[in-house]
Amino acid sequence: MTALDASTGSAAQGEGSATRGGGATKGGGPAGGGPHGTRGSVAERAPRPRISAERIAASLTLVALIVLGVLAVNEVGISIPAMAESWGNAENFFARVRGLSFPETGDLVWLIALTVGLVLTGTLLAAVLSVPIAYLAASNTTPGNGWRLAARFVGVLTRAVPDVVLAMAFVLMFSLGTLPGILAIGIHSIGMISKMFADAIEQIDEGPRLAIRAAGGTKMQEFASGILPQVLPSWVATVLHRNDINLRGSVVLGYVGVAGLGLEMSYAFKALNYGKGLGIALVIFILCIVMEIVSSTVRGAMLGQQRHTRSWLDRIIHPRLGARTPLPAPARAAWAATPQTAVRRPWTAQRIRHAIAGGLAVLVVIGGIVVSDINWLDLLTFWGRIPEVAARFWPPSFGNYDTAAMVEAMRDTVAIALAATVLTLLPSLLIGSYAAGNVAPGRTSRGAARFLLVGIRGIPELILAIVLVVITGLGPQAGVIALAVGGIGLLGKLIADSFEEVDRGPERALRAVGATRLQTYAAATVPQGVRALIGHSFYMLDTNIRAATILGIVGGGGVGYYLLNASQGSRYETVTAIVLMILATVLVVEGLAMWMRKVFR
Amino acid sequence: MNAASAALIRLDGVTKTYGSSTTALKDASLEVSRGEVVVLLGLSGSGKSTLLRHLDGLELPTSGSVEVLGQQVPALKGRALRRLRSRVGFIFQQFELVPSLTVLENVLTGSLSTVRGPRLGLWGYSRGAKLQALEHLDRVGLLDRAYQRSDTLSGGQQQRVAIARALMQKPDILLADEPVASLDPESSDQVMALIREIAADAGLTVVCSLHQVDLAISWADRIVGLRHGEIVLDTATEGLSKAAVMEIYGRVATTTAEIQAVQAELADAAAEVTAR
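Here the protein sequences line up with chains A and B, keeping their order.
Numbering-wise, the first sequence is residues 0 to 600 according to numbering that gives the first Met the number 0.
Numbering-wise, the second sequence is residues 0 to 275 according to numbering that gives the first Met the number 0.
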């Protein structure tokens, strides 16, 4: 009633509210005229929608970005005729390949082990370093706001510096070996891992933690006994996810001299041995797919409760997970006769399974570290070299590059990223929708779409780019196509997952009204998922800018080309200048994304 | 603090406000002596939980003094506060076990205040501690569940595990915040009986918040009624009829919802009396 009073303005105040309520619905109005008598139609009385200026600005920015993206697509010159033209190149290329060839089996196995071991060790290093950062960054565990800001800043910073750049720097500090690669992966991955770790900490149930505090536990004990067991499944899933990403990214590390399959591939392509290069690329592709399947299986087993987000592959491998029934009350076992006999934990089938899984995991980790053959001595000696190396990277300067040219190159990189993001959007939305269980018309189409996404995600963008560079020649075209295709795998999956997470109630309500599948999708699913969609698209743009830099290193155009040139010419102060420029760009996009998420909440 | 006072818990004029508008506790004074079993009775929002949480230093009073086991709780910090907390067991309405840990590990977390540093898994605890935890589990009838994940147990079983965890602290005082509000009637009877038995065995002082009047009368030695953060009733239960409590309790109800709740309880009580 008070809300009505306020909105209708200066209604006669002497009247009781009850009469006023009645008057409004009857449309009549008390004697004496006044505002009631002159009321217009419903359309006139309806409140005007209020749009905040900030929302308008954000929407305009969004539109502007899309327009810029379309312009960028145009500029890069991706068109059907252009593609047809390059088809001749492709034929030439494949004629020169003359069949795939692989390194010798022994070498190949060693290279695979080395690559996986290096990536795994690097990811684990990042995971370990991320724990304290996440603890400081999570709002419910941080000791203070200053700590929180500092931890978040470390996260953004490590994410913004490409791992290739880190690898370049570390290659200077260490004697050649795997350590530069491990440290580059380890430090670069902190950004994403610590953010996801902190998110997981913020989502815990505070109750058990409170119980431990009430029992007189310290902060560390609260963490180890109350928080860690709750976040562990999600943490493991994060690390596995990041490991997949790092495996795909390890290809480019080869280009700056980190051992493994990437290095072999770069040698092969530089020697124009396309058959071998493509052979290694195929091995990497299969390796990525296998890793993706392994990690999604492990994730599925650990996060077993969330059944609807399991892929159909998990379902094939773990068919019984879905039909889990509560444990039947066991008959009192012999070990449980007295407390004394119960001190030794009995070896149940479940415990044996867990022990085997745990043992395997430990073996894999140890294997990874052993295979990487870390020169531990370097870890002691490199501190002394830091000042010397740092001096070579400072002060930043573009050297003999023209500043305007560098800005232009950075603009090219952003254009590549924008074009790729715009090109990714539509196919991702389409395939992602089909991959969402609540949108797809049937299980088969969902399964097929999910499989397609996994397949696309498995292709390291870099391999795609390298092949495309060979086909279309040096330039931004190859980069844009590579990023756009690779982006479908990631964005499609993110869209599918967030569509599956929407509230199903409105969908059911619309079905009940008699809406078609497409109407339900447009009126219930998309509006609920649109905020996540915007967030994911910006994440995509963010990723693409970093990736576009790296693609430049293999000849995909943009600032990455200069970055590689500068580092190969040992002009490290130029490397610093370029990295700072990339950092600034990434931070701007990050800020834009944060603003968008805030406005479209 | 001198030992002259037999009271283990002494609240004096405790007021707790959140922000400027919400008053959770208003000038509450209360003494509980060793071995007493006291129920805090009140509707939801009456300040029972807030009062209990003050006794364990989980909340700090806005004004007034909270003395537990001879120590001023609000003045305690760090290790001293943890030591006090370890002597006070706390049982929660939602049990608050760590779901992914085994039952035994959950019980062992009750002994964390006696060890230094964090513990990961069962390896971190001594054999003696494990044996003790298993004995407590045996005491609450769940020894054969020791190595199951705690979230595979029913609500009543989980609350019994929580009691075992509290016993692991070797407490002098046991606080229970609506320990049976999330349980079915049969489990609640079991849990309440268990708390009473354990209190008698170990000579514990118990302060338990409840909202069911008849359960409070049959279970406690003494009832303390709260309304809007004020203590409005403090009486021994011996020889007390439900109607009498309801009458005293009803007199202090003022809002419509409260009066309705009280009337419903009174009708139940009347029906019970006529049925006899």
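One thing to keep in mind: the hints can contain errors.
[Unchecked claim] Straight-line distance between alpha carbons at most 25 Å, and here's what the computed SDA-like set of lysine to any residue pairs gives:
| # | chain 1 | residue 1 | chain 2 | residue 2 |
| --- | --- | --- | --- | --- |
| 1 | A | Lys218 | B | Ala79 |
| 2 | A | Lys218 | B | Gly123 |
| 3 | B | Lys76 | A | Glu205 |
| 4 | B | Lys76 | A | Arg147 |
| 5 | A | Lys597 | B | Gly123 |
| 6 | A | Lys218 | B | His227 |
| 7 | B | Lys169 | A | Ala336 |
| 8 | B | Lys169 | A | Ala56 |
| 9 | A | Lys218 | B | Arg148 |
| 10 | A | Lys218 | B | Gln71 |
| 11 | A | Lys597 | A | Leu61 |
| 12 | A | Lys218 | B | Ser186 |
| 13 | B | Lys76 | A | Trp146 |
| 14 | B | Lys169 | B | Pro184 |
| 15 | B | Lys76 | A | Met219 |
| 16 | B | Lys169 | A | Thr340 |
| 17 | A | Lys218 | B | Lys169 |
| 18 | A | Lys218 | B | Lys241 |
| 19 | A | Lys218 | B | Leu68 |
Please keep in mind that the hints were generated in silico from the structure rather than gathered at the bench.
Just so you know, these numbers come straight off a predicted model, no measurement behind them.
Hints and how they fare:
1. A:Lys218 <-> B:Ala79: holds, 14 Å
2. A:Lys218 <-> B:Gly123: Judged against 25 Å, a Cα distance of about 17 Å means the pair holds.
3. B:Lys76 <-> A:Glu205: Holds, at about 21 Å.
4. B:Lys76 <-> A:Arg147: holds, 24 Å
5. A:Lys597 <-> B:Gly123: violated, 44 Å
6. A:Lys218 <-> B:His227: Violated, at about 33 Å.
7. B:Lys169 <-> A:Ala336: holds, 24 Å
8. B:Lys169 <-> A:Ala56: violated, 62 Å
9. A:Lys218 <-> B:Arg148: Roughly 24 Å separates the two Cα atoms, so the pair holds.
10. A:Lys218 <-> B:Gln71: holds, 22 Å
11. A:Lys597 <-> A:Leu61: holds, 14 Å
12. A:Lys218 <-> B:Ser186: With a Cα-Cα distance of about 33 Å, the restraint between Lys218 of chain A and Ser186 of chain B is violated, given a limit of 25 Å.
13. B:Lys76 <-> A:Trp146: Within the cut-off at roughly 22 Å; holds.
14. B:Lys169 <-> B:Pro184: violated, 28 Å
15. B:Lys76 <-> A:Met219: holds, 16 Å
16. B:Lys169 <-> A:Thr340: Holds: Lys169 of chain B and Thr340 of chain A sit about 23 Å apart, inside 25 Å.
17. A:Lys218 <-> B:Lys169: holds, 21 Å
18. A:Lys218 <-> B:Lys241: Answer violated: Lys218 of chain A to Lys241 of chain B is near 45 Å, above 25 Å.
19. A:Lys218 <-> B:Leu68: Holds, at roughly 24 Å.
Taken one by one, the earlier hints fail for this structure at numbers 5, 6, 8, 12, 14 and 18, listed in ascending order.
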